[in-house]
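K.L.:
Chain by chain, the residues run as shown.
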Amino acid sequence: MQKVFDAMLGWVDARFPLIKTWEEHLSKYYAPKNFNFWYYFGSLALLVLVIQIVSGIFLTMHYKPDTQLAFASVEYIMRDVPWGWLMRYLHSTGASFFFITVYLHMLRGIMYGSYRGPRELLWLIGMAIFIALMAEAFMGYLLPWGNMSYWGAQVIISLFSAIPFGIGDILSEWIRGDFVVSDATLNRFFAFHVIAVPLALCGLVFVHIVALHKVGSNNPDGIEIKKNKGPDGLPVDGIPFHPYYTVKDIVGVAGFLIIFAAVIFFAPELGGWFLEHDNFTPANILQTPPEIVPLWYFTPYYSLLRATTEEMVTKGLLPLTIVMTILTVISVRNVLAKMAAVGIGSVVVVCLFIFEAKLWGVILMGLGVGLFAFLPWLDMSPVKSIRYKGWMFKTALIIFCIDFLVLGWLGTQPASGPNVILAQIGTILYLLFFFLMPWYTTFDKTKPVPERVTQ
Amino acid sequence: MKKKLITIFAILLFPLTVAAGGGGVALDPVNINLNDKESLQKGARTFVNYCLSCHSAGYMRYNRMGQDLGISEELVAENLLFAAEKTGDLMKAVMPAADAKKWFGTAPPDLTLTARSRGPKWIYTYMRSFYRDESAPSGWNNKVFAHVAMPHVLYEWQGEQRPIIEKDSHGVEHITGFEIAKAGTMTEKEYNEAMRDLTNFMVYLAEPAKLVRYKIGLYVILFLIIFMVAAYMLKKEYWKDVH
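First to last, the sequence lines map onto chains A and B. First residue of the first sequence: 1, per the working numbering; consecutive thereafter. First residue of the second sequence: 1001, per the working numbering; consecutive thereafter.
Just so you know, these hints were derived from the structure itself, not from any lab. Incorrect hints may have been included.
PhoX-like, lysine-lysine: derived pairs with alpha carbons at most 25 angstroms apart [claimed, not checked]:
hint : chain 1 : residue 1 : chain 2 : residue 2
1    : A       : K64       : B       : K1092
2    : A       : K33       : B       : K1092
3    : B       : K1210     : B       : K1037
4    : B       : K1236     : A       : K33
5    : A       : K214      : A       : K226
6    : B       : K1210     : A       : K28
7    : A       : K226      : B       : K1240
8    : B       : K1240     : A       : K28
9    : A       : K226      : A       : K20
10   : A       : K28       : A       : K227
11   : A       : K28       : B       : K1235
12   : A       : K227      : A       : K33
13   : B       : K1240     : A       : K229
14   : B       : K1092     : B       : K1042
15   : A       : K33       : B       : K1240
All of these numbers come straight from a predicted model, not from anything done at the bench.
Generate coordinates for the entire structure from the input sequences, incorporating the hints supplied.
P.N.:
This is how it looks when you write it as structure tokens:
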């Protein structure tokens, strides 16, 4: 038996780098031995991707991308397709858990400085995955053709019309394929949701892992384990990914699945947070839901959008731009850089006067997502991990996390009264976390980093 | 285009808080228990005999309901098929939607998912909040859904209610309660019980999987806990030699 197996393996290995791949990426891929709880979320995000693809395939077998049939076909899946309800809840709950795992994965990266050199590109590929995931979730949300699906898509697509010079209207019409969200929109979103974006996602995830294995994993101490090799040429603080982290990740998978199953079987709507009540009514072009609210994972950015009123532009963004410009001019030594800062600052100030608030809302929403991509260059601390950073970074990160949650909550609430002011303060704090990072990471008092990883 | 944009932004920035049939009315709690088969069957009878005359439950099939609630195929065929020929048909309304629109001014909405879109409390309170209003076209109004097109279909059961109106400090009139002006065939307790059964049935109707998912979920989670313990022991065994 063993002989036959070896012969087969030999046959394959002579034609495909099977053993080499296995060793490079699993059995001889050395990962730091001090991974903690936060390091589960990468593999868990991969697990959710697989869950989404598998459950999605089954849903696609029964779903009809047609405005006349879509809503009924989802209810058909929920009632008449054997285990259809399970596939649907796996998929709808999976969408939310995808964002939970990805957000925690990103927070891990920020805490331990995983975006710092030599992992900048790894972080940027991760950002591309994040944006693809948002596109995937947004387009998937239209497919059940509920009333919130419809109006959510209507509002978000019409944001593109805020782009000036007549481009915006043409662009949003081009995206919809019609003047309003319609059958054409549903069909193309279906195409994007089931093949275009998932294909891109899988490719990006593959590249993300290839890039990770090139530079090696960071760890909670933010130390490069490759700098400390034993006589055998292997990192002394590293252990082979397989079997050590495969068996450890299985524990994480089990823990995750317990929570995941609890939601699927006991609270698939999660009180309207994972499946909105208004989406149990079919899309109705004549009836706007009382509140158009995106699902929770988009609400922080939605808050940034809604917070940007005329007043916010003149009393918030204008002073912010001026202060940031002055601060930059004082701080940089290079004369060219000083001039560039003044130039960019003035252009932004002029633009703040020229363009309408709604455009700035859309820009802030984009910044809310996109600013994460600049972290590798905004963080100027001599150390990577939060363990050795000082109080300034820790305070900034705690404020940012609370701010993110508050903005997320405000995004689900009516934008009126004190909510508006609160969201505006939250918006400024959100921007300051990124804008001031070069300063507070430079002046922060850091602790000495140990030679070897700590347990 | 610009106007539409402005409208959409107005919706964005200043969401309407009061919608048709929503807004600010206190809803009464209702005891939902899908294990109570008898209650579900009673609710189904009320639903098919009354609601289904005008409303559809167009995503649900008669025989599925029969199977789930323990009503035999023959009984379903004899007693419940008003608007359908086969027990495998979807539960369409008896009244054609076009006629209903002509008579009521609006087509009666499908009720399959009302328990999920509006919630059981809303249904339970709504069904008990009709009152006489001579100014309304149907002669009826509702505290939960003001100026609703639907007349009080079950008035023979409940009787006729008159609202008790009180003025608050701003001089705005509020309905604080109801009194029975003309008694129906049921006592208040019986009517409440019937409406609880109906609501219970509509919760089932909105999500038939609810009957099984709790039970399956328990086994799944029990398995996962055992799996996690085994996985943890395996991990510990492997990690013994990591120092």
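K.L.:
Which numbered hints does this structure break?
P.N.:
Violated: hints 2 and 6.
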